[in-house]
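Student: Read off the chains here:
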Amino acid sequence: MDAITADEVKSIAALSRVALTEQEVDRATSDLSAILSNFSAIKTIETTNVSSSDDASGLRNIAREDIAQEEVLCSSDDLIKLIPHTNGRYSKVPGVFSESEVS
Amino acid sequence: MKTVIETWEPHIHAFLEVFENPVVAEGLLRGGPLQGKTLAIKDNILMKFGKTTAASNILKNFQSPYNATVIEKLLNAGASIVGKANLDEFAMGSSTEYSAFGPTKNPWDISRVAGGSSGGSAAAVASGEVWGALGTDTGGSVRHPASLCGVVGVKPTYGRVSRHGLISYGSSLDQVGTIARTVTDSALLLEIIAGHDVLDATSSPLRVGKYVDACGREIAGMKIGVPKEFFGEGVNAEVAQLVREAITSLETLGATVTEISLPLTPLAIAVYYLIAKAEASSNLARYDGLRYATFETEAESLIEQYKDVRGKGFGLEVKRTILMGTYALSAGYADAWYKQASKVRTLIRREYEDAFKQVDIIAGPVTSEPAFLVGSKTEDPLQMYLADALTVPVNVAGVPAISVPCGFTSENLPVGLQLIAPHFQEERMFSVATAYEAQHDWYMRAPTLPQ
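Just so you know, the sequences run in chain order A and B. The numbers in the working numbering rise by one with no breaks, and the one at position 12 of the first sequence is 12. The numbers in the working numbering rise by one with no breaks, and the one at position 110 of the second sequence is 110.
Accuracy of the hints is not assured; some may be wrong.
What the hints assert, rightly or not - Pairs of lysine-lysine residues, derived as DSBU-like cross-links and limited to a Cα-Cα distance of at most 35 Å, are as follows: (1) B:Lys312 to A:Lys92; (2) A:Lys92 to B:Lys228; (3) B:Lys339 to B:Lys377; (4) B:Lys357 to A:Lys10; (5) A:Lys81 to B:Lys312; (6) B:Lys51 to A:Lys43; (7) B:Lys48 to A:Lys81; (8) A:Lys92 to B:Lys48; (9) A:Lys10 to B:Lys312; (10) B:Lys73 to A:Lys81; (11) A:Lys43 to B:Lys357; (12) A:Lys10 to B:Lys48.
Just so you know, the hints here were simulated from the structure itself, not pulled from any lab data. The structure displayed is predicted, hence computed values, not measured ones.
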């Protein structure tokens, strides 16, 4: 069975940093189970000697010299202005560790 | 007197934002092939002017500091951009009902959806609010609403148009596409926005075709392949009949029609959604409420802030995307889901390469049914995904395709003919599409304003 469990949904939600309500967990569990059982048809296709299709465009990696360009399209100040909470040129965020973890 | 936009908007909600004065290039004196042409831009394409929300609450206050490359190209060609068109949140959906700011309705019947995800762009063109529009097509998001709204929609070859400044969904699939009333107008728009861009490493350095010149070119001797899988069960009988009649009428112009088989067609939905959602789960990681727009939260730690902002800021389908994509990529499951989908994608691509050794163009329906009723699929995501069954193979294969109006059902709902060409052979597609279009008056028909 490809059915996904509510615990798996909660674990994936935590990994992908999305808070879900209990109701959303239930809904996602039934929706994803239905979708994945339908999609499991691809498992019947023989692909042992088939390569994956990671090169969608057929283009090679494109590199350039690592030299900072002053302004492409907009300045760094323009980008900083978008940040809701700043301290100078830094983005201000809540603490990464809680009090107890620090002490 | 009210403008067309003021008259139609209360009925269809094609726009998220209408600019008080159209945006035109600064310092552009006159000329340009798009001089005097009004355009709507799907709201997942960045513009310095106005907001760019992707129809998501998480970006509801976002103002881009720069224009996407396609916007710069349109402005340099003299276009007047009148506003930002509605879409399914982050372009994820097939009806524009997943917009956080309310659905777009179909101008031909406002109890029905406009299709999606570029539903606002298609409805704005169909109602006559604008001359043309840009959409994006990851799995059919230009062709699907174009078909349901009775206008022309073009999905170019992967890599043909720069995606710099496009809000990413599935990066191995996304392309910017065009919507207009006629094939020639669509060809003109594509010719302007296509081409290599140093800011998008996936854009192709190949020469841009002469798309407008290709319109009206003879199609005698052209070989048209009709995949039997495009007329399988689940395809509405009226849709199948109208599309078959359209293909038959190409024979009268000297094209030869043969039935072909693309056996993996029924699996394209699974392949497409597994890949698109996996790529999207990664692309959406950047929306953390810390960088792009204000999203108030009372979280006390950084991780709680991430979860809170993303939990509240993303809608149902976007959260489903993140969960499914993360699942398909997670340790222990990636081989069975993501990697298997990627391998089957290789097989689907080969199927198209082989088919194009025998035929010049592949033709079939765009969608299996005409516009469906608002609310009829939102509770069943699998049914919503299946609406894309005949458009996603094109994105999986990376080839170009066009949706051309090919008649109306007994309920006066538009139906689209899909023409698919090999990689970078858009010219061929435009020739066949204009040849078909010229035989009929579908493009002359317009919906009447609801009472």
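Student: Are Lys92 of chain A and Lys48 of chain B close enough, with their CA atoms no more than 35 Å apart?
Tutor: 25 Å, holds
Student: Please work out if Lys43 of chain A and Lys357 of chain B have their alpha carbons no farther apart than 35 Å.
Tutor: With a Cα-Cα distance of about 28 Å, the restraint between Lys43 of chain A and Lys357 of chain B holds, given a limit of 35 Å.
Student: Hey, Lys73 of chain B versus Lys81 of chain A, does the alpha-carbon distance stay inside 35 Å?
Tutor: Given pair Lys73 of chain B, Lys81 of chain A holds - Cα atoms ~26 Å apart, limit 35 Å.
Student: CA of Lys10 of chain A to CA of Lys48 of chain B, is that 35 Å or under?
Tutor: Not OK: Lys10 of chain A and Lys48 of chain B at ~38 Å, beyond 35 Å, violated.
Student: Taken at face value, is the distance from the CA of Lys43 of chain A to the CA of Lys51 of chain B at most 35 Å?
Tutor: 43 Å, violated
Student: Check whether the Cα positions of Lys81 of chain A and Lys312 of chain B lie no farther apart than 35 Å.
Tutor: Distance ~23 Å between Lys81 of chain A and Lys312 of chain B Cα, so the pair holds.
Student: Given the hinted pair Lys48 of chain B and Lys81 of chain A, is their alpha-carbon gap at most 35 Å?
Tutor: 14 Å, holds
Student: Mind checking the alpha carbons of Lys10 of chain A and Lys312 of chain B for me, to see if they're no more than 35 Å apart?
Tutor: With Cα atoms ~16 Å apart, Lys10 of chain A and Lys312 of chain B stay inside 35 Å; holds.
Student: Tell me if the straight-line CA distance from Lys339 of chain B to Lys377 of chain B falls inside 35 Å.
Tutor: Between Lys339 of chain B and Lys377 of chain B the Cα gap is close to 29 Å, so the pair holds against 35 Å.
Student: Holds or violated: Lys312 of chain B and Lys92 of chain A, Cα atoms, limit 35 Å.
Tutor: 21 Å, holds
Student: For a C-alpha distance cap of 35 Å, please report whether Lys357 of chain B and Lys10 of chain A respect it.
Tutor: 48 Å, violated
Student: Taking 35 Å as the top limit, are the C-alpha atoms of Lys92 of chain A and Lys228 of chain B close enough?
Tutor: 58 Å, violated
Hints 2, 4, 6, 12 from the earlier list are contradicted by this structure; the remaining hints agree with it.
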